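Student: Sequence:
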Amino acid sequence: MLPRIKYRNPTIPIQISRHKDAAGPSLLHIYTSSLANPTTPAASSTTTAPPTGVPETATPTHIINIKDKHESEILDLLVEKLRPRVVEPSQEELDEIQAIKDFKVGAEKDRVLVREKLERERREAELLRLARGEVPQAN
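Anchor point for the sequence shown: position 13 equals 13 in full-length UniProt numbering, and the numbering is continuous, going up by one each time.
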């Protein structure tokens, strides 16, 4: 799961270090920067892979032991430690989410209709073959 974390959050600089001791702790080190000196690149910058940021301090700001914890538990611990502000979706984003839901409902209805039509055509073709006296093929 950890290698995927970098791809789920492409704008956050993340570095994953593995160790050989499976019995040891799995620690999540969180380095935070001050608001006066942001480490994220400007929005106008178009880079495909942002470089991993260098922490301002040598010691992590927060450490969380994530060994044997589910993703939701890790998220709860992360929220507890960092106390982020909740960003509500804009009306445009809510409209987009609703459009995607509507599209998925319509796509499922279309799939059912196409499947029924295909099954009906196959049944009719099979009945025509039987009416002509052809032996049905074993699949």
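Keep in mind that the hints are not guaranteed to be accurate.
What the hints assert, rightly or not - Below are the DSSO-like pairs computed for lysine-lysine, each with C-alpha atoms no more than 27 Å apart in a straight line:
| id | residue 1 | residue 2 |
| --- | --- | --- |
| 1 | Lys67 | Lys81 |
| 2 | Lys81 | Lys69 |
| 3 | Lys104 | Lys117 |
| 4 | Lys69 | Lys101 |
| 5 | Lys101 | Lys81 |
| 6 | Lys67 | Lys20 |
Think of the hints as simulated: they come from the structure by calculation, not from any bench. These figures come from a predicted structure and were not determined experimentally.
Student: Work down the list of hints and note, for each, if the structure agrees.
Tutor: Status of the hints after comparison with the structure:
1. Of the pairs offered as hints, the one joining Lys67 and Lys81 holds, with about 17 Å between alpha carbons and a cut-off of 27 Å not exceeded.
2. For the given pair, Lys81 sits about 16 Å from Lys69 by alpha-carbon distance, which is consistent with the 27 Å threshold.
3. Distance hint between Lys104 and Lys117 is fulfilled; the C-alpha atoms sit about 20 Å from each other, no more than 27 Å.
4. Between the alpha carbons of Lys69 and Lys101 the distance comes to roughly 31 Å, so the proposed pair goes past 27 Å and is violated.
5. Proximity of Lys101 to Lys81 is assessed by CA-CA distance (about 33 Å); at most 27 Å being required, the pair is judged violated.
6. Taking the CA atoms of Lys67 and Lys20, the gap is near 14 Å; set against the 27 Å cutoff, the hint holds.
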